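J.: Listed below are the residues making up each chain.
Protein chains: 4
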Amino acid sequence: MTKRKEAFKLIPELTTEFETRIRFNECDPLGIVWHGHYIKYFEDGREAFGRKHGVSYLDVAESGFSTPIVKSMCEHKLSLRYGDVARIKTEYFDTPAAKIVFRYTIYDPNGDVACTGETIQVFVDKKGELQLTNPKFYEDWKRRAGLIS
Amino acid sequence: MTKRKEAFKLIPELTTEFETRIRFNECDPLGIVWHGHYIKYFEDGREAFGRKHGVSYLDVAESGFSTPIVKSMCEHKLSLRYGDVARIKTEYFDTPAAKIVFRYTIYDPNGDVACTGETIQVFVDKKGELQLTNPKFYEDWKRRAGLIS
Amino acid sequence: MTKRKEAFKLIPELTTEFETRIRFNECDPLGIVWHGHYIKYFEDGREAFGRKHGVSYLDVAESGFSTPIVKSMCEHKLSLRYGDVARIKTEYFDTPAAKIVFRYTIYDPNGDVACTGETIQVFVDKKGELQLTNPKFYEDWKRRAGLIS
Amino acid sequence: MTKRKEAFKLIPELTTEFETRIRFNECDPLGIVWHGHYIKYFEDGREAFGRKHGVSYLDVAESGFSTPIVKSMCEHKLSLRYGDVARIKTEYFDTPAAKIVFRYTIYDPNGDVACTGETIQVFVDKKGELQLTNPKFYEDWKRRAGLIS
Chain A
796 MTKRKEAFKL IPELTTEFET RIRFNECDPL GIVWHGHYIK YFEDGREAFG RKHGVSYLDV
856 AESGFSTPIV KSMCEHKLSL RYGDVARIKT EYFDTPAAKI VFRYTIYDPN GDVACTGETI
916 QVFVDKKGEL QLTNPKFYED WKRRAGLIS
Chain B
796 MTKRKEAFKL IPELTTEFET RIRFNECDPL GIVWHGHYIK YFEDGREAFG RKHGVSYLDV
856 AESGFSTPIV KSMCEHKLSL RYGDVARIKT EYFDTPAAKI VFRYTIYDPN GDVACTGETI
916 QVFVDKKGEL QLTNPKFYED WKRRAGLIS
Chain C
796 MTKRKEAFKL IPELTTEFET RIRFNECDPL GIVWHGHYIK YFEDGREAFG RKHGVSYLDV
856 AESGFSTPIV KSMCEHKLSL RYGDVARIKT EYFDTPAAKI VFRYTIYDPN GDVACTGETI
916 QVFVDKKGEL QLTNPKFYED WKRRAGLIS
Chain D
796 MTKRKEAFKL IPELTTEFET RIRFNECDPL GIVWHGHYIK YFEDGREAFG RKHGVSYLDV
856 AESGFSTPIV KSMCEHKLSL RYGDVARIKT EYFDTPAAKI VFRYTIYDPN GDVACTGETI
916 QVFVDKKGEL QLTNPKFYED WKRRAGLIS
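Protein chains in written order, with the working numbering: chain A, 796 to 944; chain B, 796 to 944; chain C, 796 to 944; chain D, 796 to 944.
Keep in mind the hints are simulated off the structure, nothing from the lab.
Heads up, some of the hints might be wrong.
Since copy identity is lost for identical chains, a pair holds within one copy or between any two.
For lysine-lysine, the following DSSO-like pairs were computed, each having C-alpha atoms within a straight-line distance of at most 30 Å [claimed, not checked]:
no., residue 1, residue 2
1, 884, 847
2, 884, 937
3, 937, 872
4, 937, 894
5, 872, 921
6, 804, 872
7, 835, 894
8, 872, 922
9, 835, 847
10, 872, 931
11, 866, 884
12, 866, 894
13, 847, 894
Just so it is clear, the structure is predicted and the values come from calculations on it, not from any experiment.
Working from the sequences, and respecting the hints, build out all of it.
T.: Structure below.
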C-alpha cells in the first residue's frame, strides 16, 4: 500500500530559484504587497521551473494538453515591500496521481521566509477532458527526470 | 474637404454611465488608485456601452472581427481612493475612418472630474488583417444608431 | 476541551452574496479567468460582507487595527469566462481564536460551483504587533452579532 | 521666446533599457498582452531608469515629494505574446517646466517596435500641494546630470 508520505516526494534536484523585484503597483495602501499578487509570483517561479526543466506551459501545449490550476494555497509569514528583491524557490513534489504539485517558498531580502504556498494542476486534453492518468509526454518527462524507470 | 472638427463628432445619445467601487487592491502605497488601473475602468465603461448599445466585444467577435486598442490616453485631475464609488461616463465619437473612438470621464463621489481619457480601436479580421474600411456589421450598427443613412 | 468542529462554526445569518461580471482583462489565453484573479473576487465578497455587517476594512482601521490575510486557499471546480455574471457567497466562520475566517463559494451563471475558498486574517495594531486576543472593537462586533454574550 | 521643440529635449545619455518576459497572466483571450498592462511595463522602465540614474521613487520620497502621473499615453503597433522577452527603452525628455517627462519604446523579440508611450509626472509635497517650480532635489539632480549649469 502506498502511504501518503510516500505519495508526495520532494525531489531536491527539481528545484528552481527565481528573483523578482517588488513593483510599486503590487503594493497596497499598507505599503506591502497585496496578498493576491503572491499567486503571480508563484506563477513566475513555476514558469522559471518549466523553462529550466523542460516542462513549460508551451511544452505542455505542444503536447496537446493544458494544465489548469485546481488548487492554490498561500501562507503569509512576513510582508514584502516596494523595492524588495524577493527570491522564489519552486520545488517539485512527485506524486503517482495525474497531477502536478509545486511548493513555493518566497524569501525576503534578509533571507527570511515571507510566504509559502502550493499549487496543484491537472491535465486536460484539447476536448477539455480531465485526464485520469498521466499523459505520455509527462510520463516521458518523468522518465528523463529519473522519477520513474 | 472634411475638417478635423467635423470628422470626430460627439453623439450625445451614444453615452453610457457605469458605477464602480474602488477596490483596496487597486490602491497603491500613496493610498490612491494606481494610475494604470484607470485603463481597466475605461474598459468597464466601454463594455457597459457595448452592452447597452448592441456593439459589445462578443457582438464584434460573432461578426468575425476583433477591435484591438491602438491608442489609449489618460489624464489625471484628482485621485480616487479605496471605497470611493466612481462614475465612468463613456462617450462615442463618430468618425468616418475605420476606427472606434471613445472618450471617458471618471467622476469622484463629489461629482468632480478625476480623470479623462480616450481609446482608439481598429478592426482586424480573423486572419489578422487590419480593415481599411468599416466592416459591414459596423456600418449596419451605425445605420441603426442613426449615424449614417 | 474544545473540539475543532466546535471551534469553527458557520453562522448562517452572517452570509453575503455579491455579483460580479467577469472582465475581458481577467481572462487568459485559454479564454477563462486566470486563477489568481479569484483572490480579487474573494476580496470583493469579503468587502461586501464588511459593508453589510458593519465590519469593513475602514471600520477596522478606525479602531486602530489592520487585518492582514495570513492564509488563503482556492479550489477550482469549473471555469468562469468573459461576460459571465458570477455570484460570490461569503460566509463567516466563527472561531474563538483571534482570527477572522471567511469561506467563499463562487457560482457560475448556471448556479454551479466554480470555485470555493477560504481566507484567514489576524489582527495587527498600529505598531505592527500581532494580537493574541480579539481587540475590543471586534469583541463588541461579535456581541452585537449575537456570537458571544 | 522658448520654442516648443526646444522645451522638450531628448537627452541620449539619459536612457535606460530593461528586459521583461511576458507573463501568461498578462495575456488575454486573444493570446496577446492586454493593452492596459503596457502601463506596468512603462513603470518597469521608469523604475529601472530611476535606479540607474539616481532619481528613483524612493529618492524622490526621501526628498519629501511624490511624483504622481498626470498623463499617460500608449500607442500600439504590434502585439506581444506570452513568453516573449520584450525590451523597454525609457528616454528622459528635458523640460524647463516642473514636470518629469519620459518616453517609452517597447521592442518585441525581433527588435520591432511593439508600442510607444509617454508619461508626465508632477511634483507634490507632503501636504499634497502641486509644485509650480522644480524642487531643489530635482534641480540638484538635473545639475549633476548636466542638464542645467
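J.: Now look at each hint and say whether the structure bears it out.
T.: Results of checking the hints against the structure:
1. 884 with 847: both (13 Å within a copy, 27 Å between copies)
2. 884 with 937: Cα proximity of residue 884 and residue 937: one copy only (20 Å, versus 40 Å across).
3. 937 with 872: between (33 Å within a copy, 27 Å between copies)
4. 937 with 894: Intra 12 Å, inter 42 Å, cutoff 30 Å: intra-copy only.
5. 872 with 921: The answer is between: 18 Å across copies meets 30 Å, while 39 Å in one copy does not.
6. 804 with 872: both (24 Å within a copy, 25 Å between copies)
7. 835 with 894: Both. Shortest intra-copy (20 Å) and inter-copy (26 Å) distances satisfy the 30 Å Cα cut-off.
8. 872 with 922: Answer is between: at 17 Å across copies they meet the 30 Å cutoff, but 40 Å inside does not.
9. 835 with 847: Close inside one copy (18 Å) and across copies (26 Å); limit 30 Å.
10. 872 with 931: between (39 Å within a copy, 25 Å between copies)
11. 866 with 884: Both: 19 Å inside a chain and 19 Å across chains, each within 30 Å.
12. 866 with 894: both (11 Å within a copy, 23 Å between copies)
13. 847 with 894: Result: close within a single copy only, 19 Å intra versus 40 Å inter.
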